[in-house]
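K.L.:
Listed below are the residues making up each chain.
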Amino acid sequence: MRRAVAWGLGGAALVAMPWLVRAVAPGQQRYVLHILVFTGLFAALALSYDLVVGHVGSLSLAHPAFFGIGAYTAALLATRAGFTFLPDTLAAMILAGLVAWLIGVPMFRLHEHAFAIGTLGFAMVTHIVATNWVDLTRGPLCVTGIPRPALGMGPVAIKLTSVPHYYWLALASLGLVALLYHGLTTFRLGRAFHAVRDNEMLAAAAGIDPRRYRMLAFVVGAVVAGGIGALYAHYITVLCPEEMTVALTINLLVIVFIGGVGRLRGVVIGAVLFTVLPEILRIAPTWRLVIYGGLLLAIVVRWPEGLESALRRSGRSRTA
Amino acid sequence: MRAGYAEVEVLRGVSLEVRSGDIVSIIGANGAGKSTLLKTVFGLVTAHGGSIRLAGEELAGRRPVEVLARGVSYVPQGRCNFPAMTVEENLEMGAYTRNDAGVRRDIDAMMQRFPMLGSKRVDPAGTLSGGQQQVLEIAMALLLHPRLLLVDEPSLGLDPRMAELVFATIESINREGTTVVMVEQNAKTALSISHRAFVLELGRNRFEGTGRELLDNPEVRTHYLGR
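Protein chains in written order, with this note's numbering: chain A, 1066 to 1385; chain B, 16 to 242.
Keep in mind the hints are simulated off the structure, nothing from the lab. From the three backbone atoms N, C-alpha and C, an ideal C-beta is built for every residue, glycine too. Some hints here could point you the wrong way.
Said to hold, decoys possible - Which chain A residues face chain B? A few, computed with CB under 7 Å, are given here:
1) Met1266
2) Ala1271
3) Gly1272
What the hints assert, rightly or not - Not close to chain B: a few residues of chain A, all C-beta gaps over 10 Å, as computed:
4) Met1066
5) Val1070
6) Ile1182
What the hints assert, rightly or not - Label-pair ranges, simulated between beta-carbon atoms:
7) A/Arg1174 with B/Ala116: 50 to 58 Å
8) B/Glu234 with A/Arg1378: 56 to 64 Å
9) B/Ala44 with A/Ala1179: 25 to 33 Å
Please put together the full structure from these sequences, using the hints given.
P.N.:
Rendered as structure tokens:
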């Protein structure tokens, strides 16, 4: 009961966040919500990444490519073909998933380190293509003028033009991705994922085809990453190849491992820390990134299994 | 049968026949190809040549899930369970491919058959002793009611008392009608409970016969039984 009330209050606070922020920091609403939009998008993207890294144990470094494929698909369809938000996002998700399936076939023949390097190679090639295929992507000139999203069609279309609108869209997207993540990683399917991650040989002995389940997580992760890429492109309205560099993988790895690999709550905590902490540290602009790096290091040393494990332990000791 | 990993051929023409209802042991030195043989039968290693037939049906080239569906279960070497899952969850994983209503009943029956598992039902499998874990792994495989059970080094790392318990378990499974093919380093005990046995050397057959015959074979005794 207490848990349900806490969830209800937490959910209501998240939905009411634009008003809460305006009441607490009236001049800062746009800035704070902008950070929260990024938190939501990064959390959703990191959850999709954790499906692959945390739940089937495949160290894929290709996630920026799927994010970028989704972002470019949506951006190009919206700016050149006049697609509206929902169809171009759907197309972004489908294309990212299709590409993941196509490259997954040869990649999952590789093992562990070779798989990581193979996917890294794919991510680098995708970035190079985005940079150099100027006729399609405009390369370093970037795709500009991506319209802000609109839900619905014609006269009933609701245009999401303000930051609070986009905050709610990001929050809803994170909620959907979290539900999908929970559904896939618990119950029977989740057990199969974890069996593949924990002991591939035994999983095979139990009739669970490791390659098939790895592929499933990889493709679903890519579909979500493509969708988040589309949301991102529509939010920032300008899309450059730098958005899909390998650095994004490093950021996702930081979020997942700082928060807690394979843990929904942990990944969301990691995303909050990753996006909010550097902004808070602007109070010490010179030392900001040094302090940030030091804090991340301290967290890894103190809680090598991620912050979520510390929360879990403290929760257990409170109930004991 | 010929099989191996990438360029390395481990099995270089092994040939063996297993009769229904037997316990068959495969013994040999490290690197003889014993475990590779079981993995090849189960589809984890691709056969480069030859044939694997189960009651006339070709198994070579099939994936593990297909081999499993034809009534062959495999218990891998070492402590091969999901240590963070409970005993009961491990058994559920053993029956993962089953969708029938009898799964729950069979798991309960397995708990009764092996009381050491029943008493640890909600404990993580990683907290069980080595022998208990081995019995759990065999129980997981049995939940699919296999015709043929492949067991890789069941006594590995167990003290003599626990090894005895595991061998007794294998004998009782066989008495109920399951054919068992077992790879084992503890050659003496394995031969003593086997109807037939094969000795492999560098991926080829070296000796074969009943368990008793191999126990009495002076060459086998000198090279594989330590006396």
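K.L.:
Confirm or reject each hint.
P.N.:
Status of each hint after checking the structure:
Against a cut-off of 7 Å between C-beta atoms, the interface hint on methionine 1266 of chain A holds, since the closest Cβ of chain B lies about 5 Å away. Hint on alanine 1271 of chain A holds. Least Cβ distance to chain B is approximately 5 Å, under the 7 Å limit. Among the interface hints, the one on glycine 1272 of chain A holds; its C-beta lies about 4 Å from the nearest C-beta in chain B, closer than the 7 Å criterion. Every beta carbon of chain B lies more than 10 Å from that of methionine 1066 of chain A, the smallest distance being close to 25 Å; the non-interface claim holds.
Valine 1070 of chain A, annotated as away from the interface, keeps every beta carbon of chain B farther than 10 Å; the closest lies near 29 Å. Listed as outside the interface, isoleucine 1182 of chain A is consistent with that label: its C-beta sits roughly 18 Å from the nearest C-beta of chain B, beyond the 10 Å cut-off. Range check, arginine 1174 of chain A to alanine 116 of chain B: about 38 Å between beta-carbon atoms, so the 50 to 58 Å window is missed. Remark: the range hint 56 to 64 Å for glutamate 234 of chain B to arginine 1378 of chain A is upheld by a beta-carbon distance near 59 Å.
The given range of 25 to 33 Å is respected by alanine 44 of chain B and alanine 1179 of chain A, whose C-beta atoms sit roughly 31 Å from each other.
In this structure, only the earlier hint numbered 7 is contradicted, and the remaining ones agree with it.
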